[in-house]
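Just so you know, the protein sequences line up as chains A and B, in that order.
Under my numbering, the residue at position 70 of the first sequence is numbered 58, and the numbers go up by one with no gaps.
Under my numbering, the residue at position 130 of the second sequence is numbered 116, and the numbers go up by one with no gaps.
Among the hints, a few may not be true.
If we take Cβ atoms under 7 Å as the criterion, some of the chain B residues that face chain A in the derived model are [said to hold, decoys possible]:
#: 1; residue: Gly(-8)
#: 2; residue: Gly31
#: 3; residue: Ala44
#: 4; residue: Arg52
Rather than coming from a laboratory, the hints here were simulated on the basis of the structure.
The C-beta atom is built at its ideal place from N, Cα and C for all residues, glycine as well.
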Amino acid sequence: MTTQADIQREIDDLRGSGGPQPRRDYPPYRSSVLRHPTRDLCQADPEGVELWAPCFGPADIDDAESDLTIQRSGEPLGERIVVTGRVLDGDGRPVRHQLVEIWQANASGRYWHQRDQHPAPLDPNFVGAGRCLTDGDGVYTFQTIKPGAYPWRNHVNAWRPAHIHFSLFGTDFTQRLVTQMYFPGDPLFDLDPIYQSITDARARDMLVASYDHSVTKPEFSLGYRWDIVLSGTHRTPLEEP
Amino acid sequence: MTFAPGQTVGPFFHLGLPFEGGNLLVPAGHPEAVRLHGRVVDGEGAAVPDALIELWQADSTGRVPRETGSFHRDGFTFTGWGRAQTDGDGHYWFSTLIPGPARPGRRPFFALTVFARGLTDRLFTRAYLPGDEPDALLGGLPPDRRATLITTREPRGLLFDIHLQGEGETVFLSYPRQAR
Ligand SMILES: [Fe+2]
């Protein structure tokens, strides 16, 4: 049986060994062992559809889908929060009117998913999935509840820090990003092989939201801000398909 | 500038990402519908039953779709984008159109993004139509590697298996302006 101490040694040995993106080959995350490509990625010059991202609009998404607390008949349990921020491309330009999707565990650390066997209660009033379009300034906003930490089977006593899964599109295909947003000061950061698969400390910090009292609503919910910078685009803003 | 790092989609992405009709870019009964499909396998050849594939492609004339509506397809509008999850056997499939070339004389391809539990970050690849048109990416690869990017024609579609690792490992792509 692999203990946290075993995993910790592996994590420590690999610290700083990768770049600003997660290492694809990261054995402390056991499920990655047989699932990562061992060959180097092959660099391609983007062409055709790769220079563009798919389009989403009001026909795809209802405004109410950005509020994860109103999807069922009652109020979900847990700490109500707002998570907001801007989606920017690698040149600092806002990514406008583009799709942002999230999914997360409930306040007890349980997912609304048949494969989640964690014996923590499901909340009949919280499903945990939402989506929205960024506005004209690249701003997204979700109303939700703070997810709980949860155990997983990577090793004995493995726990994930609380996080919200984020799926993002840019203005071209190559900017596609799926990642996780974390909460400041989580004591599980150093122990988690998924978070630590990004071996560069400054890059890891980019996934941690900040508490923002200006986003907090009186008598209602706490506020977190998280800006997301995607990679660079490959075409000029006015280019037509 | 530093870019936000990716993280795995994990085992519970079904809660947030797949949607009804996501794999039907055109209805399966469409007169020009083809099935683009294949299996996702790991380094031991075992099925990957918790992968998600996104497809992004030109229409049959080679035009890049700019239409919205992928989440609520009307059966007429071709948005060029879809999502399919793998089943228990690692199999994914899309009902779609054969893409046209980006420019006359180019080899058409489907752009694919691969996500899975155990993949720390998404992977990009291209699934090319079989053909003779010269292509810079294919031309720069040794024949065994090149073959991993070319679909196999079938009576009603195209087969494209994705090998995440090992024997026949699919060529995965990076692009300029991405962090390594
Ligand atoms: Fe999770």
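Evaluated hints:
Given the 7 Å rule on beta carbons, the hint for glycine -8(B) holds: about 5 Å separates it from the nearest Cβ of chain A. About 10 Å separates the beta-carbon of glycine 31(B) from the nearest beta-carbon of chain A, more than 7 Å, and the hint is not met. Interface restraint check for alanine 44(B): the shortest CB-CB distance to chain A comes to about 5 Å, inside 7 Å, so the restraint holds. With 7 Å as the threshold, the beta carbon of arginine 52(B) comes within range of chain A, its nearest partner Cβ sitting at about 5 Å, so the hint holds.
Hint compliance for this structure: hint 2 is the single one not met.
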